[in-house]
Structure formats: structure tokens, C-alpha cells
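Fit chain B to the known structure of chain A by using the hints.
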Amino acid sequence: KNEVEQSPQNLTAQEGEFITINCSYSVGISALHWLQQHPGGGIVSLFMLSSGKKKHGRLIATINIQEKHSSLHITASHPRDSAVYICAVTPLRAGNKLTFGGGTRVLVKP
Amino acid sequence: GAVVSQHPSRVICKSGTSVKIECRSLDFQATTMFWYRQFPKKSLMLMATSNEGSKATYEQGVEKDKFLINHASLTLSTLTVTSAHPEDSSFYICSAPRPGKADTQYFGPGTRLTVL
Chain A
76 KNEVEQSPQN
86 LTAQEGEFIT
96 INCSYSVGIS
106 ALHWLQQHPG
116 GGIVSLFMLS
126 SGKKKHGRLI
136 ATINIQEKHS
146 SLHITASHPR
156 DSAVYICAVT
166 PLRAGNKLTF
176 GGGTRVLVKP
Chain B
2 GAVVSQHPSR
12 VICKSGTSVK
22 IECRSLDFQA
32 TTMFWYRQFP
42 KKSLMLMATS
52 NEGSKATYEQ
62 GVEKDKFLIN
72 HASLTLSTLT
82 VTSAHPEDSS
92 FYICSAPRPG
102 KADTQYFGPG
112 TRLTVL
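Going down the list, the protein sequences come from chains A and B.
Note that our numbering has the first sequence beginning at 76, numbered continuously upward.
Note that our numbering has the second sequence beginning at 2, numbered continuously upward.
The following block holds chain A by itself, in its conformation from the complex (with noise of 0.2 Å):
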């Protein structure tokens, strides 16, 4: 079982819906962090999370450190939005190594 696992794998909403990607982890972690990836492959770190809850514009990412659990969210989904979204965290211990998910496909058609 890895370390971390995000659901669902693929995703594909209508442009203006609602859109939750969620994130479980097994292990003791300093900070989760979500990122996101453009079809060209580059990388965006979008929040780094260690309680609570965080906004920026459209996108929230809250986190449950007694359940391991963090999701993020995206509201007014729009087609520009599609990417790869990675959950990747900082094990404790592990310096700034990050242990990845699997990554969710989001299409978001117009």
C-alpha cells in the first residue's frame, strides 16, 4: 500500500462544477503539500498545508491531521483547470524529501 493515495485517479467535470480531489496518508507527516501539472509538464506548488485550511481564489485545501486526510477543492471548476493534481507530503524525519501520490486527471469540459 503506498504511502499515499489520492482518489479519484481521473476526474472529468462540466466547466462551473464543484470539484473535490482527496488525499489519504499513512504516515507522520511535517507538511502535505498540493501541486499542480500542465499537460507540458512543468510543476506548481498551489498550498503547503500543516493544519487547517487554506484559500486562493478558486482553490481550498483543508487538512485533518488526526485522520490523515486533506482535500482539495476547486469551485467555478473552469477548462484551464485541467491538469494532473499531485498530493505529495513531507514525512516527519525525512528532511524535505517528498513522498508522492498518484496523481488526479482532472478534464474539465466547456
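Keep in mind the hints are simulated off the structure, nothing from the lab.
Beta carbons: idealized from backbone N, C-alpha and C, even for Gly.
Misleading hints may appear alongside valid ones.
[What the hints assert, rightly or not] Computed cross-link-like contacts, DMTMM-like style, restricted to lysine to aspartate or glutamate with a CA-CA straight-line distance of at most 20 Å:
#1 K42(B) with D156(A)
#2 K43(B) with E78(A)
#3 K172(A) with E60(B)
#4 K15(B) with E88(B)
#5 K65(B) with D89(B)
#6 K67(B) with D89(B)
#7 K21(B) with D89(B)
#8 K15(B) with D89(B)
#9 K172(A) with E53(B)
#10 K42(B) with E78(A)
#11 K172(A) with E80(A)
#12 K172(A) with E64(B)
#13 K43(B) with E80(A)
#14 K56(B) with E23(B)
#15 K143(A) with E78(A)
#16 K42(B) with E80(A)
#17 K128(A) with E142(A)
#18 K21(B) with E88(B)
[What the hints assert, rightly or not] Partial selection, computed: residues in chain B whose CB lies under 7 Å from chain A:
#19 S44
#20 L45
#21 P98
#22 P110
#23 G111
Below, chain B without anything else, positioned relative to chain A:
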């Protein structure tokens, strides 16, 4: 904001040749950089940790002699794929944590290597 660059963005080479990929932190000093490999439609796999002034630390299963890493300065790490073969074709990405900002990581744009 902090930026990490990679060069080249794309390289095509013949089997048996060596290819060097550079990762630079543009506005901060990075004593540590990470190198990842990504196969199509797969997630990132950590290959090695590049340490300025000392040897790189490789993950299990990654050949040190195949993937040479040199952290030449506080802003530059290089990954050299030696005697490349078609199975080395992949997307290579580096990242660097920003000193003083715990757990913050900045990713390079990636290098797509195709070995013919």
C-alpha cells in the same frame, strides 16, 4: 517569488551518449536539491538528493554511476545521464527547498529526455 530553472527543457540524443541537465535556483541559495523522474502518466519518483559540497544521496534502485549528480555551487546542481539508452527516456524534474521557509519546495519546469 523564488524560481528554479532547468536546462535544457527538451533533449533528444543517440543511444550511448551522455546528457547533462542543469537545475538552478535563481534567487535563493539551495544547499539541497532533489532530482525526480516521471514516466508517462505516472507520479514523480525521487531519484536522489543533491547536497552542495558533498556526495549525492541516491534512492534505492537508482544507479549512481548511471545518473551522476554534481552540486557545483549553492545555486546549481547537474544531473548527467551517462551512456543513455532508450529506457532512460523520461521527464526529469528538480526541486529545491527554500532555506528559512520550512517545507517550502520550488520545482523546476522539467527536462524531457528522449534517447533514440
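field: Hints violated by the structure (numbers, ascending)
entry: none
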